[in-house]
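With chain W held as given, fit chain Y onto it using these hints.
There are 2 protein chains.
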Amino acid sequence: MPELRKDPIIGRWVIVATERAKRPNDFKPDQADMVEVMPCPFCAGNEKLTPTEITAIRAEGSQRDKPGWEVRVVPSVSPVLRIEGELGKCPHGIYDMMNGIGAHEIIIETPKHIDHLSSLEDEEVANILTVYKERILDLEKDKRFKYAMVFKNHKPAAGSTRIKHCRSQLIALPACPKNVKGELNGAKKYFDYKDRCVYCDMIAQELADKKRLILDIDGFVAIAPFASRFPFETWILPKEHSAHYTNINDKDINGLGRTLKEVMLRINRLLQDPPYNYMLHTAPYKRPKGGYWSTIDQDFHWHIEITPRLTRVAGFEWGTGFYINPTPPEEAAKFLREIKV
Amino acid sequence: MPELRKDPIIGRWVIVATERAKRPNDFKPDQADMVEVMPCPFCAGNEKLTPTEITAIRAEGSQRDKPGWEVRVVPSVSPVLRIEGELGKCPHGIYDMMNGIGAHEIIIETPKHIDHLSSLEDEEVANILTVYKERILDLEKDKRFKYAMVFKNHKPAAGSTRIKHCRSQLIALPACPKNVKGELNGAKKYFDYKDRCVYCDMIAQELADKKRLILDIDGFVAIAPFASRFPFETWILPKEHSAHYTNINDKDINGLGRTLKEVMLRINRLLQDPPYNYMLHTAPYKRPKGGYWSTIDQDFHWHIEITPRLTRVAGFEWGTGFYINPTPPEEAAKFLREIKV
Numbered sequence: 001m002p003e004l005r006k007d008p009i010i011g012r013w014v015i016v017a018t019e020r021a022k023r024p025n026d027f028k029p030d031q032a033d034m035v036e037v038m039p040c041p042f043c044a045g046n047e048k049l050t051p052t053e054i055t056a057i058r059a060e061g062s063q064r065d066k067p068g069w070e071v072r073v074v075p076s077v078s079p080v081l082r083i084e085g086e087l088g089k090c091p092h093g094i095y096d097m098m099n100g101i102g103a104h105e106i107i108i109e110t111p112k113h114i115d116h117l118s119s120l121e122d123e124e125v126a127n128i129l130t131v132y133k134e135r136i137l138d139l140e141k142d143k144r145f146k147y148a149m150v151f152k153n154h155k156p157a158a159g160s161t162r163i164k165h166c167r168s169q170l171i172a173l174p175a176c177p178k179n180v181k182g183e184l185n186g187a188k189k190y191f192d193y194k195d196r197c198v199y200c201d202m203i204a205q206e207l208a209d210k211k212r213l214i215l216d217i218d219g220f221v222a223i224a225p226f227a228s229r230f231p232f233e234t235w236i237l238p239k240e241h242s243a244h245y246t247n248i249n250d251k252d253i254n255g256l257g258r259t260l261k262e263v264m265l266r267i268n269r270l271l272q273d274p275p276y277n278y279m280l281h282t283a284p285y286k287r288p289k290g291g292y293w294s295t296i297d298q299d300f301h302w303h304i305e306i307t308p309r310l311t312r313v314a315g316f317e318w319g320t321g322f323y324i325n326p327t328p329p330e331e332a333a334k335f336l337r338e339i340k341v
Numbered sequence: 001m002p003e004l005r006k007d008p009i010i011g012r013w014v015i016v017a018t019e020r021a022k023r024p025n026d027f028k029p030d031q032a033d034m035v036e037v038m039p040c041p042f043c044a045g046n047e048k049l050t051p052t053e054i055t056a057i058r059a060e061g062s063q064r065d066k067p068g069w070e071v072r073v074v075p076s077v078s079p080v081l082r083i084e085g086e087l088g089k090c091p092h093g094i095y096d097m098m099n100g101i102g103a104h105e106i107i108i109e110t111p112k113h114i115d116h117l118s119s120l121e122d123e124e125v126a127n128i129l130t131v132y133k134e135r136i137l138d139l140e141k142d143k144r145f146k147y148a149m150v151f152k153n154h155k156p157a158a159g160s161t162r163i164k165h166c167r168s169q170l171i172a173l174p175a176c177p178k179n180v181k182g183e184l185n186g187a188k189k190y191f192d193y194k195d196r197c198v199y200c201d202m203i204a205q206e207l208a209d210k211k212r213l214i215l216d217i218d219g220f221v222a223i224a225p226f227a228s229r230f231p232f233e234t235w236i237l238p239k240e241h242s243a244h245y246t247n248i249n250d251k252d253i254n255g256l257g258r259t260l261k262e263v264m265l266r267i268n269r270l271l272q273d274p275p276y277n278y279m280l281h282t283a284p285y286k287r288p289k290g291g292y293w294s295t296i297d298q299d300f301h302w303h304i305e306i307t308p309r310l311t312r313v314a315g316f317e318w319g320t321g322f323y324i325n326p327t328p329p330e331e332a333a334k335f336l337r338e339i340k341v
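Going line by line, the protein sequences match chains W and Y.
So the first sequence is numbered by this note's numbering: it starts at 1 and just counts up by one.
So the second sequence is numbered by this note's numbering: it starts at 1 and just counts up by one.
Only chain W is shown next, with the shape it has when bound in the complex (with noise of 0.2 Å):
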């Protein structure tokens, strides 16, 4: 079983894997070696190289874990939480630690072997785009959960793994991120003195400014925003305030698709198909508890952060939490608004 520690000091939380610990003979130095891996775990036709799927969107009358389908979701092969067993909270002097409890879903995009989402056509999208949702849904269920998180890693640079096949991972937490946690706290402050949402005033002066405006299609709008941490960071976010992405209705869902689409267009084109996150931010799971739970569909908004890995973090970063970004946001939206794609 994974544990899960946390920094007596500043409350952050890491996995740690016990199971299948690493030796110092385990991390090579640069294995830069990108050589696939094949045949592909991923692609229509190996599905019984996969574990038995969770959910697909599948083509009437076809099988379970045979071809047929269009977007299929599979628990990882190497699952960095568990998902039976109790929690176990539990002290160990002055620390605390409960077991490493949590879903990790990996959520195959096409039957294609195809690499990018932006190859996929806007109805693929926003197949994948609702199957995020009803997964967001479903381990809602679960009370054990605070919090479920969806992101992808592309290419090596970015975590990924060697496999080239489109597909991104959500992660059912039982505790809520420090990073979210910080967010939800901001958002809160600045509601509690405002009394509008931080995200819906960003908006309107990104649409009013439009220095950093990438996009303005189909009810979203994408951003560099102001304190961008990374070279062409770029934010996602409906025009329309919602603090939970389940809420979204299938227009929405379809105009998403093609905004997130667009956006990673010309990012593939402009930075020459670079190594990239994406994750969605969304609210916690309401549970019974205090704090920004109760303000939170006021407070908080829904959004997409696209970070394209570009630089190296260093010492100075980890260490202050300072980011050093070489260029402008002003810039790089300039860039991504004027590609041609």
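It should be emphasised that the hints constitute simulated quantities derived from the structure, not laboratory data.
Glycine is no exception: its CB is placed at the ideal position from the N, C-alpha and C atoms.
Warning: the hint list may mix true and false statements.
Taking CB as the label site, the calculated pair distances span [as the list claims (entries may be wrong)]:
hint, chain 1, residue 1, chain 2, residue 2, range
1, Y, Q298, W, E338, 47 to 57 Å
2, Y, D297, W, R196, 36 to 46 Å
3, W, D297, Y, M1, 39 to 49 Å
4, Y, Y193, W, K48, 46 to 56 Å
5, W, E123, Y, I339, 31 to 41 Å
6, W, I83, Y, T295, 36 to 46 Å
7, Y, L265, W, S294, 50 to 60 Å
8, W, I339, Y, I217, 49 to 59 Å
9, W, C200, Y, K112, 52 to 62 Å
10, Y, N247, W, I339, 35 to 45 Å
11, W, S78, Y, N249, 48 to 58 Å
Straight-line Cα separation of at most 27 Å, BS3-like style, residue types lysine-lysine; simulated pairs [claimed, not checked]:
hint, chain 1, residue 1, chain 2, residue 2
12, W, K178, W, K89
13, Y, K239, Y, K340
14, Y, K334, W, K6
15, W, K178, W, K133
16, Y, K6, Y, K239
17, W, K181, Y, K334
18, W, K181, Y, K146
19, W, K181, W, K22
20, Y, K181, Y, K146
21, Y, K189, W, K6
22, Y, K181, W, K181
23, Y, K334, W, K89
24, Y, K146, W, K189
25, W, K48, W, K66
26, Y, K340, W, K6
27, Y, K211, Y, K334
28, W, K6, Y, K194
Chain Y alone, transformed into the frame defined by chain W:
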């Protein structure tokens, strides 16, 4: 002038380099070219390849910017912050920004073309640690600065350049960094509740437990922290409580030097010269402000965090602030304790 921009939601500061802005083509997808830069600007005899020195430990009678030094401090040739100017704090609609005022210095640790601090003599390491203290104290006189962080990037994967000459860096900042504030606030909360320093309690538990203890010599401990974020993460702490590194005396500088050298020898041997960062976490400068400043001497405990860079941080970690560590700290400590050097 670089800009300091504040994220309006979570209060994270970002340094945006407006002067030497990087354009899309400046990010090479895989700059694995590890060819060394020659001649080395940090070797004795090449002093004219760096800006004029700020200070140095020199043989009597030797001249500034000439050979004869042991440790030499120069301004960075590509500073992320500028020393001249006013802070010029100002709003920008809902956003906050100020000029990128700060100091960015390179501490050249040896006149010889050596890549490893652990290859230096004990006395040479002590000289480096003395210079850390002197530079932090000197920059404290500049009332614009709130914090000074000393750190080291070893190898490109840890954010270093292709110059293989042993050095560290110092950046003085006009705002207390978010991560430091997190530590200060956490330590303060613990003290408020327990009337004890959390770091002192941690040291006591690690000395009793011994499972995560790596070294216990000369008044210092090296431990694998309970909630290690990274494989083989190692912290060095003075056993005697002290908030400000700059209060260290000469005897303890020697002890710290031996501890740091021994830890680095073990990490290099065990992990075959891995990329790593280390960061000196000391208390912020005392400035007339409220909050944690008033009780910092009792709450906080300076330390050095050493983080080998063996794994990649991916979307999940970026999104949540959770870390996934594949090596339990108990095993990391055992390996580091038992390796022969």
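Broken hints, by number = Failing hints, ascending: 5, 10, 16, 17, 19 and 26.
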